[in-house]
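Given the coordinates of chain A, work out where chain B should sit on it, guided by the hints.
In case you want the letters, here they are:
There are 2 protein chains.
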Amino acid sequence: MALAAVNPDLARARTQATFDPLLLTYFIYDGPEKTKRKRFLQNLAVKDCKEQRFCRYAELSREEQYEESLRKSAFAVLRIRQLGLEDSTEIRFFREVLFSSEPHPFGVHEVMFIPTIEKQSTNEQRAKWLPLAERFGIIGTYAQTELGHGTFLRGLETTATYDPRAKEFIINSPTVTSAKFWPGGLGKTSNFVVLMAKLTSNGRDCGMQPFLVQIRDLETHQPLPGVSVGDIGQKFGFAAMDNGFLKFNNIRIPRENMLMKHSQVLEDGTFVSPKNDRLLYGSMTLIRSQIVGSCGRSLAKAVTIATRYSVVRRQSEIIARTDEVQVIDFQTQQYRLFTLIASAYALIVAGQVSTQAYLSVTKETESGDFDNLPVLHALSSAIKAFSSWEMMFGVEQCQLACGDHGVLLASGLPKIYTNEVPACTYEGENVVLCLQTARFLIKSYNAAEKGKQLPSLARFLQAPKGEKNKLTKKLELDQLIAAYEHRAARQIQEANARLQSHLRRGVGAAEAWNRSSQSLVEAVVAFSQAFIVQAFIEKVTSAKLDPSLSAVLVQLCQLYALQGIASNSGQFLKGGYMSDHQLEMVENKLYELLAALRPNAVALVDAFDFPDKVLDSDLGRYDGNVYEALMDYAKRSRLNKTQVHEGFLKYQKPFVDFLKSQGAQSKL
Amino acid sequence: MALAAVNPDLARARTQATFDPLLLTYFIYDGPEKTKRKRFLQNLAVKDCKEQRFCRYAELSREEQYEESLRKSAFAVLRIRQLGLEDSTEIRFFREVLFSSEPHPFGVHEVMFIPTIEKQSTNEQRAKWLPLAERFGIIGTYAQTELGHGTFLRGLETTATYDPRAKEFIINSPTVTSAKFWPGGLGKTSNFVVLMAKLTSNGRDCGMQPFLVQIRDLETHQPLPGVSVGDIGQKFGFAAMDNGFLKFNNIRIPRENMLMKHSQVLEDGTFVSPKNDRLLYGSMTLIRSQIVGSCGRSLAKAVTIATRYSVVRRQSEIIARTDEVQVIDFQTQQYRLFTLIASAYALIVAGQVSTQAYLSVTKETESGDFDNLPVLHALSSAIKAFSSWEMMFGVEQCQLACGDHGVLLASGLPKIYTNEVPACTYEGENVVLCLQTARFLIKSYNAAEKGKQLPSLARFLQAPKGEKNKLTKKLELDQLIAAYEHRAARQIQEANARLQSHLRRGVGAAEAWNRSSQSLVEAVVAFSQAFIVQAFIEKVTSAKLDPSLSAVLVQLCQLYALQGIASNSGQFLKGGYMSDHQLEMVENKLYELLAALRPNAVALVDAFDFPDKVLDSDLGRYDGNVYEALMDYAKRSRLNKTQVHEGFLKYQKPFVDFLKSQGAQSKL
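Residue numbers (full-length UniProt numbering), protein chains in the order written: chain A, 1 to 668; chain B, 1 to 668.
Since the hints were derived computationally from the structure, they do not count as laboratory data.
All the given hints hold, so there is nothing to weed out.
Which copy is meant is left open, so a pair is good if it fits within one copy or across any two.
Calculated cross-link-like contacts (lysine to aspartate or glutamate; reagent style DMTMM-like; alpha-carbon spacing at most 25 Å):
1) K468 <-> E494
2) K119 <-> E134
3) K635 <-> E63
4) K641 <-> E63
5) K641 <-> E68
6) K635 <-> E64
7) K660 <-> E86
8) K474 <-> E587
The following block holds chain A by itself, in its conformation from the complex:
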């Protein structure tokens, strides 16, 4: 497509901004230097994509996506090495262009297989396997989940039985449900796995242990004898990934292939138990904090697409017999999009704040102080759940906001939805995570009741007193934070009361917990949102910003907080904490903020600084030339390879001819 001028509506929208979006870009990418570096790397990647002629997934079949993904993966590895990139953030920016919301078959090799070998091997094992894995001499995945079993380790059925005579483990999949199922890259790409299996040695159940198991021949890539492996079929998104199944029929692996940093099996079969490993706890916390930020980025992509398109798109009229209106001028559309822009910023900031908190707590743990780790762990689980749900609903709203065209794969939105929403289940299913955090909160709440001092992140969990919120028309930021903290404390108090009341009536502890779990989850959601509101407001108010930018960011903070109050108003009204009058004010102000943000909408999404290649969207193009792009996309449809589709000759024509031969004897 030839370069065209920017769509005039979009160009005009950019001139209306009251702040310089570049300043906001600096704010979220940590200053001008890092922004420059990010842009440099992403520009390189854009150039690479062009030169390599990587195809667009929206136009490929599943098999083609898998192949293209292999090609891109191989290219990415070599190119990143050639560029000497080592910083994980820099690598992420580079990859983001090549694999925009797209999984890749080497992904689990890089983020799970190699790190597991690093962390769970003995020194000898590391020396043997790590260099091999790093040069892809073996390609592996992490095989834990089974067809019938999820993240609950004790439920897994795959067995590893030690045979002391041969000094080997016998690996077996005794049932249908014991088949490994879902690991990424397992179906067609991997020749090795880290296998989680239930170890038996000398007749003793030694729990779940990790084993390094070869599954395919390193040369021919054929599955080894006794190994049944393959792809698990078409999914909602994730087409480029060969998620796989894997069954073993009593295959043998050497004793040395158990990863023995923690547990060990000696030659005679003696099992040596592990010491406690608190650092694992830590790395989960880090990963979850990072997911919060990446949910923010996913939402940011979707809302960038929907906002730009809503400026370009004209539809219907507000004032009769005038031009069709830019759909972004409808208040209902502003409500949808601007609250999501605020959300995206809030989540990105919350991810940064909690990652930062992780790093400082890690320093404490290095000096032997583990006090703050549980709070942070509880917090990161909760906000991971909250942010992935918020992202899911948000991306869905963006798609609705784009009407019919949002459904075209060329909009980029279905890919974001299908490939990012799994964040709700990976690294801990959201409900399960919320309930873990609930345990911590209930414990903290009861400790606070007994007058114990709580860690700062949970300090507001004291029984809410009879105070009232003092929010006025000025939308005082401290009152907004206070409102969320009060609500969270109150929700936790109520969930705890429910739990205690079951216990008092003689319900067993486990069942009482279960019967309170829905309200516990809701309390954790309130807790998460309180953290995010606070983190967003504090980051914005503590940063040194140009007043023009600061004004807009404060509006975003307010919008984010107000919308959460308006849509959960009962939890703020309860007990008379807020008044009907305040709630009405909250709603009025919310609508005023929508109007106030209108001139800045495009600048706010431009500031996310996504190259077009990352958005991969005909609707979200920076130049706004939406319709030409969609028409080009349409013309390239595979069904258009021939003017007359094969199906016409095979089925339609014979059918029509048959009806014709019958005459008009029968009616529809």
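Then chain B, alone, in the frame of chain A:
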């Protein structure tokens, strides 16, 4: 797959029901006779599918789905004629098995093209075209939407210019944005369209008019000269449908091809204006009422799948060191699923009640009484929007409730989500519909303020007095209805107040409306939910039911109503209409209802009476043999055609060999 016994957990769940699900099946399918007929037809269709060896879309590529869909469509037409089916409900039941949540390329021909010819033609036109269309001698679609323009008729750009000398219309697509875009069956299947185009005759703008335009040769199926037509590319779902684009380069059609029942162009180019057509208004009302029921059915499918799977699936533990628990025993899962079961029944019933209301109002209109039509029209728009949104969120929750496996196409859930959620935009985009209804409600509200008598469906729209809700632990059904009516009236009152306040401050009417539109939409949602709660309760309490069934249905009504109160609690608390204490009771009762419904969960979804073929889900199978089915599905994945995928030889091996040749010189 060999027939296996029913999964024991599922079998046991069925024995626990306190009522006979068949009685509930009779309740929703209108008695034993109609149920019998439904089952007879669906069994026939199941047998047909087997004999014809129709393939499963979850295992096909897009092109294959299109072809298979043509084959099935042709088969369905012939078979339905052969069976002599004429009743639209019976045809729907038969088709539901063949095309479960799947679009088909002849669909628009049957539901839009033919009916438009019927309704908008003169007698001569009807005589000429209808028989031809009915025997598929011409196959058409309805081409209104354009690339740059949606449902707003006045915005369309395609032109039809009358040439009185040749007595022809010249059809043209003057811009990129004027291309027709999206019509179903347009891309590859249709050879005709009903085209909506902006008519100019004798230099006069005569507005949008319908034309019958041939686009492909009836024999060769090649596009006619001046016609550019094709498929629009891959979408989120709807793979089997060739949604298309269509551009005209000044092609000519005879004057007789304008559908002239209403407007006419005489030979000399004189334009004759139409009379008012109120019946169109009526048919939209009917279609929207039917969408409400079909959203209920879509949700019912999804929740049947998720509920059965939640009984079969075991995961984690409630009491430590006991067996893994059926996930349906987690309260959080019950909350998700049982509220959706209640929703599905509520929407199905609401669809029936409003369709019934339509039929009785139609009788009134036939005797010249149009008074109730506007209310009903407003109502059907609102509940169409409400129910499609509710379905969307519900299907999404069902998918989350199934964890990873819910994402496999074999779960059936992605198909329901992608192919049913468009109900949010077709037959009127939801927000637009809500705002139409808002106009009616605001008018009614102001009329009531002036003491005017309102039609019964809107009677509760009088300014809410200072009364309090009297709900007690007994969960009085009339108090639940009263609560929803009060809330709706209050929300409308508030939205109106907002509107009036903008007007008072001198904002123009159109802009004041726009600035109140988000609160108007929320008021319409409250209005819709009030109708649905009332319809559900009244249908259940007025039906003659076995007490065992009636008890469970009343629980469902209560659950549905309570959950709506709990999740919009602020709107019920405001003004002190409900107390904190009542709200707490609402929540406690809600959790009690979840536990009470647990033994009936499977019976409640069994009663929807979907054959496995309709669910098309390995997770939702009646026999619960989920894992065997999933493993079979996995093995049939197209990526498993060869053990070693082509991509390995093309990209992976060369890459690995290259890295090997480089030695371990570089690190990851």
